[in-house]
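For reference, the chains in residue letters:
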Amino acid sequence: DQQVKQNSPSLSVQEGRISILNCDYTNSMFDYFLWYKKYPAEGPTFLISISSIKDKNEDGRFTVFLNKSAKHLSLHIVPSQPGDSAVYFCAALVSGGYQKVTFGIGTKLQVIP
Amino acid sequence: GAVVSQHPSRVICKSGTSVKIECRSLDFQATTMFWYRQFPKQSLMLMATSNEGSKATYEQGVEKDKFLINHASLTLSTLTVTSAHPEDSSFYICSARTRTGGGSPLHFGNGTRLTVT
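Protein chains in written order, with the numbering used here: chain A, 362 to 474; chain B, 255 to 371.
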């Protein structure tokens, strides 16, 4: 049972345009969401997070939107740069207690120069 | 920022041997460390959670006698794959969090690619 779903395995975007990566979750107990970026042969790097009490969080070129009623979140990157090409993992957790982080399968983003 | 060092980055071993992977937090004390495993085209799967000075908590389906985890200090956790088999070949990644409570981001090591021949 995959509680965090990233249905698009890959995405190609032209440099300078917007990249939108989507993520859905099924566990209504999740109240904190994170995005990680991963280059080949490296561990994931934290990008941005959002608490369930918010519907938007912005950090430079990266914005995460959360729609709790739809159990959906998205990561917007604008403008996209070739260095953004990587695998992006959506993750979620229940912030109290055990705090196990559940990851999606990842979306491979390619930004074309 | 917080740095997690994982060693080795790549290891090849023969079936039946044991392999130890180290995970160190270099500039912070990690009260909790996590070990993940990633198969090709799959997500990061949590194997176990280790808290400094206590026994690790294993996820369902993970054999604790096969994947030995030790978290003897606030800066070091080790994962030992005992009696390795080819199906244990995978990418193992450790991560650490500095405090419990809230949504502190995890800090990941660079992973270890294990190949069992």
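No wet-lab data here; the hints were simulated from the structure.
Possibly wrong hints are sitting among the right ones.
Stated by the list, open to error - Okay, derived cross-link-like pairs now, DSSO-like style, lysine-lysine, Cα gap no bigger than 27 Å in a straight line:
{"id": "1", "chain 1": "A", "residue 1": "K461", "chain 2": "B", "residue 2": "K268"}
{"id": "2", "chain 1": "A", "residue 1": "K415", "chain 2": "A", "residue 2": "K461"}
{"id": "3", "chain 1": "A", "residue 1": "K366", "chain 2": "A", "residue 2": "K432"}
{"id": "4", "chain 1": "B", "residue 1": "K274", "chain 2": "B", "residue 2": "K309"}
{"id": "5", "chain 1": "A", "residue 1": "K399", "chain 2": "A", "residue 2": "K417"}
{"id": "6", "chain 1": "A", "residue 1": "K399", "chain 2": "A", "residue 2": "K461"}
{"id": "7", "chain 1": "A", "residue 1": "K366", "chain 2": "A", "residue 2": "K417"}
{"id": "8", "chain 1": "B", "residue 1": "K268", "chain 2": "B", "residue 2": "K318"}
{"id": "9", "chain 1": "A", "residue 1": "K366", "chain 2": "A", "residue 2": "K429"}
{"id": "10", "chain 1": "B", "residue 1": "K309", "chain 2": "B", "residue 2": "K295"}
{"id": "11", "chain 1": "A", "residue 1": "K432", "chain 2": "B", "residue 2": "K318"}
{"id": "12", "chain 1": "A", "residue 1": "K399", "chain 2": "A", "residue 2": "K429"}
{"id": "13", "chain 1": "B", "residue 1": "K295", "chain 2": "A", "residue 2": "K469"}
{"id": "14", "chain 1": "B", "residue 1": "K274", "chain 2": "B", "residue 2": "K320"}
{"id": "15", "chain 1": "A", "residue 1": "K366", "chain 2": "A", "residue 2": "K461"}
{"id": "16", "chain 1": "A", "residue 1": "K415", "chain 2": "A", "residue 2": "K366"}
{"id": "17", "chain 1": "B", "residue 1": "K268", "chain 2": "B", "residue 2": "K295"}
{"id": "18", "chain 1": "A", "residue 1": "K417", "chain 2": "A", "residue 2": "K461"}
{"id": "19", "chain 1": "A", "residue 1": "K399", "chain 2": "A", "residue 2": "K432"}
{"id": "20", "chain 1": "A", "residue 1": "K469", "chain 2": "A", "residue 2": "K432"}
{"id": "21", "chain 1": "A", "residue 1": "K469", "chain 2": "A", "residue 2": "K366"}
{"id": "22", "chain 1": "B", "residue 1": "K295", "chain 2": "A", "residue 2": "K366"}
{"id": "23", "chain 1": "B", "residue 1": "K309", "chain 2": "A", "residue 2": "K415"}
{"id": "24", "chain 1": "B", "residue 1": "K274", "chain 2": "A", "residue 2": "K461"}
{"id": "25", "chain 1": "A", "residue 1": "K461", "chain 2": "B", "residue 2": "K309"}
{"id": "26", "chain 1": "A", "residue 1": "K399", "chain 2": "B", "residue 2": "K295"}
{"id": "27", "chain 1": "A", "residue 1": "K461", "chain 2": "B", "residue 2": "K318"}
{"id": "28", "chain 1": "A", "residue 1": "K417", "chain 2": "B", "residue 2": "K268"}
Do the alpha carbons of K417(A) and K461(A) lie within 27 Å of each other, as the hint requires?
-> 23 Å, holds
Taking 27 Å as the top limit, are the C-alpha atoms of K461(A) and K318(B) close enough?
-> 18 Å, holds
Given the hint that K461(A) pairs with K309(B), test it: the Cα-Cα distance must not exceed 27 Å.
-> 16 Å, holds
Decide if the proposed pair is consistent with the structure: K461(A) and K268(B), CA atoms, cutoff 27 Å inclusive.
-> Roughly 33 Å between the alpha carbons, so the hint for K461(A) and K268(B) is violated.
Under the criterion that the straight-line Cα-Cα distance not exceed 27 Å, is the pair K366(A), K429(A) satisfied?
-> Within the cut-off at roughly 15 Å; holds.
Taking only the CA atoms, is the gap from K274(B) to K461(A) under or equal to 27 Å?
-> Holds, because 24 Å separates the two Cα atoms, which is no more than 27 Å.
K309(B) and K415(A): Cα distance at most 27 Å?
-> 36 Å, violated
Decide if the proposed pair is consistent with the structure: K469(A) and K366(A), CA atoms, cutoff 27 Å inclusive.
-> 14 Å, holds
Given pair status - K366(A), K295(B), alpha carbons within 27 Å = 13 Å, holds
Hey, K417(A) versus K268(B), does the alpha-carbon distance stay inside 27 Å?
-> Violated - the C-alpha atoms of K268(B) and K417(A) are around 49 Å apart, more than 27 Å.
Starting from K399(A), check that the Cα of K429(A) is at most 27 Å away, please.
-> Holds - the C-alpha atoms of K429(A) and K399(A) are around 26 Å apart, at most 27 Å.
Taking 27 Å as the top limit, are the C-alpha atoms of K415(A) and K461(A) close enough?
-> Holds, because 21 Å separates the two Cα atoms, which is no more than 27 Å.
Going through the hint list in order, the structure does not satisfy hints 1, 10, 11, 23 and 28.
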